[in-house]
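Q: The opening position of the sequence shown corresponds to residue 1 in full-length UniProt numbering, with each subsequent residue numbered one higher.
What the hints contain is simulated information worked out from the structure, not anything from laboratory work.
The C-beta atom is built at its ideal place from N, Cα and C for all residues, glycine as well.
One or more hints might be untrue.
Pairs of lysine-lysine residues, derived as DSBU-like cross-links and limited to a Cα-Cα distance of at most 35 Å, are as follows [said to hold, decoys possible]:
hint: 1; residue 1: LYS25; residue 2: LYS2
hint: 2; residue 1: LYS57; residue 2: LYS2
hint: 3; residue 1: LYS57; residue 2: LYS25
Here are the in silico distance ranges between beta carbons for each label pair [said to hold, decoys possible]:
hint: 4; residue 1: GLY269; residue 2: GLU131; range: 42 to 48 Å
hint: 5; residue 1: SER118; residue 2: ARG241; range: 40 to 46 Å
hint: 6; residue 1: THR255; residue 2: ALA233; range: 47 to 53 Å
hint: 7; residue 1: LYS57; residue 2: ARG240; range: 31 to 37 Å
hint: 8; residue 1: LYS57; residue 2: GLU131; range: 39 to 45 Å
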Amino acid sequence: MKDFRVEDLHGIHAILYALFDEQEKLNRAAMRRQTEICLASGVHGMAALGLATEASKLDEAERMAIMDWVVEDTAGRVPVALTIFGASVEEQVRQVRHATAAGADWLILQPPMVGQYSAVEYIRFFGRVAESTDLPLAIQNAPALMGRGLTATDIRDLAHQHPNIRLVKGEGPVVDIAHLIAVTEGRLPVFNGRAGLELLENLRIGCIGLILAPDSIDYAVRAYEFFCDGWDAHAEEEYRRMLPGVVFSMQGIETLMCYGKRLFGERAGIAIHDRAPAARPTSVGLEMTRRYASALGGFPE
Numbered sequence: 001m002k003d004f005r006v007e008d009l010h011g012i013h014a015i016l017y018a019l020f021d022e023q024e025k026l027n028r029a030a031m032r033r034q035t036e037i038c039l040a041s042g043v044h045g046m047a048a049l050g051l052a053t054e055a056s057k058l059d060e061a062e063r064m065a066i067m068d069w070v071v072e073d074t075a076g077r078v079p080v081a082l083t084i085f086g087a088s089v090e091e092q093v094r095q096v097r098h099a100t101a102a103g104a105d106w107l108i109l110q111p112p113m114v115g116q117y118s119a120v121e122y123i124r125f126f127g128r129v130a131e132s133t134d135l136p137l138a139i140q141n142a143p144a145l146m147g148r149g150l151t152a153t154d155i156r157d158l159a160h161q162h163p164n165i166r167l168v169k170g171e172g173p174v175v176d177i178a179h180l181i182a183v184t185e186g187r188l189p190v191f192n193g194r195a196g197l198e199l200l201e202n203l204r205i206g207c208i209g210l211i212l213a214p215d216s217i218d219y220a221v222r223a224y225e226f227f228c229d230g231w232d233a234h235a236e237e238e239y240r241r242m243l244p245g246v247v248f249s250m251q252g253i254e255t256l257m258c259y260g261k262r263l264f265g266e267r268a269g270i271a272i273h274d275r276a277p278a279a280r281p282t283s284v285g286l287e288m289t290r291r292y293a294s295a296l297g298g299f300p301e
């Protein structure tokens, strides 16, 4: 994005779902349409290749293709963040270099999804990857969803050692995120996620925004903008309308992949196909998804 400054990051950023066709191949047209819907909804940034993009089900070439697509389709209208997924420093550095060449504005580093190691080992790992780039970096810290993570003190120390680590991508309750902000003395801007649970409370404790899958992204954008304008009642109403679908889908990452993605598909008019292995929808779950989608309505054009 021209004239990008990490200090200007804020608001509701969309993290793309991986959309597949009937043959379980990435659906290029559906991915482009997803980005267009998010931009039309007024998002303040785009992101890809986090947990919602099912990066662990994608091979390296597919991850690189999605990097190219989201930057191309966003076309500089908002900042683009790309999550770096890989089991080794070498693999993550390759992804960093491709993301940089593709035109990412900032990157989100995930811990490798292999093994269980000490905080010192993850700090060293992140540090070696951070040293491979000059782009601003965030650390994704989602211990409840990923089974591995760092403490607030670990993150503070890591950022002190590597100045290009500028942000945190959290996935936790407000009380935990508030502790992180306190320990880092507000010096590391925080985006939370969790599909938008406690959206307004996250803003009240000092998060600069949220990075969310796009099921109800238009409602999240309006809630954020009303909140920033001081129209709290309007912000609460937008959040109230999106909340049932958020609670339904955010009961675990596989539930989000199964039903959150289908909630987006129902609203967007996009057929959803899974890549195996996957949690398969039930008739009850599909009926609930359709009911929530009907209450939310279609996306803005």
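Q: Which of the numbered hints above does this structure break?
A: Structure breaks hints 6 and 8.
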